[in-house]
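J.: Sequence:
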Amino acid sequence: MTDAPDSHAEGLRPGLGNDSRLARYDDLLDMCGDTAHPTPIVRMNHVLPNPDVALYVKCEWVNPFGSIKDRTAKWLLAGLIERGELDDKAVIEATSGNTGIALAAIAQLMGKRMVATAPHVLSSEKTALLRAFGAEVLFTPADDDSGLHPMDVAFKMAEAIVAADPDGYIMPNQYDNPDNARAHYESTGPEIWAQTEGQVRYFFAGFGTCGTLVGTSRFLKEQDPSVKVIGIQPLPGHHISGLKNMEETAVPGNLDMSAIDEIVWVDDAMTDAAARRLYREEALQVGPSAAAIAAGALKYLAEPGRSGIAVAIAPDSGQKAASYLSQILG
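Read in order, the letters of the sequence shown correspond to residues 7 to 336 in our numbering.
Everything labelled a hint here was simulated from the structure, so no lab data went into it.
Keep in mind that the hints are not guaranteed to be accurate.
[As the list claims (entries may be wrong)] Here are the in silico distance ranges between beta carbons for each label pair:
1) Ala308 - Pro20: 54 to 60 Å
2) Glu165 - Ser26: 37 to 43 Å
3) Gly259 - Leu22: 40 to 46 Å
4) Ala328 - Arg89: 37 to 43 Å
5) Trp271 - Glu142: 35 to 41 Å
6) Gly174 - Ala275: 42 to 48 Å
7) Gly117 - Asp230: 42 to 48 Å
8) Gln205 - Pro184: 24 to 30 Å
9) Arg89 - Glu165: 18 to 24 Å
10) Gln333 - Ala308: 22 to 28 Å
11) Arg19 - Ser264: 46 to 52 Å
12) Gly21 - Arg282: 41 to 47 Å
13) Leu115 - Ser26: 17 to 23 Å
14) Ala134 - Gly204: 37 to 43 Å
All C-beta atoms in this analysis are idealised placements derived from N, C-alpha and C, irrespective of residue type, glycine included.
Start from the sequences and build out the full structure, keeping to the hints where you can.
T.: What follows is the structure, encoded as structure tokens:
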């Protein structure tokens, strides 16, 4: 990829230099997962009854701002810089939390202003993090009667602000910007291939902006077309933060169905049950979207005939979802 946004001027102060082998970095952005220092995968040893399958979860909360969207934000902003589109503009993005948090953090490092438009039901934890990183948060109206999904309303709010002041704002647009999928084609996919020593047979990710699902799939299938890519999609009416049902909301431009072999449908009850099992049987601190992806993976891999190595994405941890956990864990 192009040079990432840089938060410091080289040569102005002494330092030891980057060395990923020692987990030593000159810049927080250098901590984002890549092939030099991938985010970890960990095997699930208790929740999967099929003895012919090994399921690994890729723990994306190890990224510096707590989610897989750190990769997305880094690549989105690098792309804007490369094309000369950022300049002195403020960054504005519609977000359900994680991408906005990562963009706000990087914007803070760059000395840029960040505005996040978000559904009015955004969790207090994610709202607090957005504001802590200096973002101005604009919520969708609680009484909106447009019939649109709250994320679509947030997107239109951001679009309207850019349209009113195109010289003052730039929207990276994680939904339609190909740099989103490129982030995972260039980092997440190669990491998984290397970590599994080319033995991955199944890959699971959720329907959201679709960057992770599509970008990772493209890389893995270039290495081995027989790798099965399974998209986890919530049923209509769900309350799973970070995932989208494509019938309820605008379809992201990043979605490429040719990159997806099968879809597994999940609901709130399956997600909550998977979260409880992952915490109490695997001690894995997943957030809601990770629990939903795991629920779909467990359902799929329990079917007869499944065998080999599987990898499921865990986009973030439960640390950003304490209110959710208090509801389902008791």
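J.: Do alanine 134 and glycine 204 keep their Cβ atoms within the hinted range of 37 to 43 Å?
T.: holds, 42 Å
J.: Is the gap between the beta carbons of alanine 308 and proline 20 within 54 to 60 Å?
T.: Once the Cβ atoms are compared, 55 Å apart, the range 54 to 60 Å for proline 20 and alanine 308 holds.
J.: With 17 to 23 Å as the target window, see if leucine 115 and serine 26 comply at their CB atoms.
T.: For serine 26 against leucine 115, whose Cβ atoms are near 19 Å apart, the range 17 to 23 Å holds.
J.: Could you say whether the range 41 to 47 Å given as a hint is met by the Cβ separation of glycine 21 and arginine 282?
T.: With Cβ atoms ~45 Å apart, the hint holds.
J.: Is 46 to 52 Å right for how far apart the beta carbons of arginine 19 and serine 264 are?
T.: For arginine 19 and serine 264 the Cβ distance comes to about 49 Å; the hint holds.
J.: Using the Cβ atoms, figure out if glycine 117 sits within 42 to 48 Å of aspartate 230.
T.: holds, 44 Å
J.: Glycine 259 and leucine 22, beta-carbon distance inside 40 to 46 Å?
T.: Holds, since glycine 259 and leucine 22 (Cβ atoms, about 42 Å apart) stay within the stated range.
J.: With 42 to 48 Å as the target window, see if glycine 174 and alanine 275 comply at their CB atoms.
T.: At roughly 45 Å between Cβ atoms, alanine 275 and glycine 174 fall inside 42 to 48 Å, so the hint holds.
J.: Against the range 22 to 28 Å, how does the distance between the Cβ atoms of glutamine 333 and alanine 308 compare: consistent or not?
T.: Given range 22 to 28 Å: holds, Cβ gap about 26 Å.
J.: Using the beta carbons of glutamine 205 and proline 184, state whether their distance is inside 24 to 30 Å or not.
T.: holds, 29 Å
J.: Tell me if the beta carbons of arginine 89 and glutamate 165 are separated by a distance inside 18 to 24 Å.
T.: This hint holds: roughly 19 Å between Cβ atoms.
J.: Range hint 35 to 41 Å: satisfied by the CB atoms of tryptophan 271 and glutamate 142?
T.: holds, 37 Å
The earlier numbered hints are all upheld by this structure, with none contradicted.
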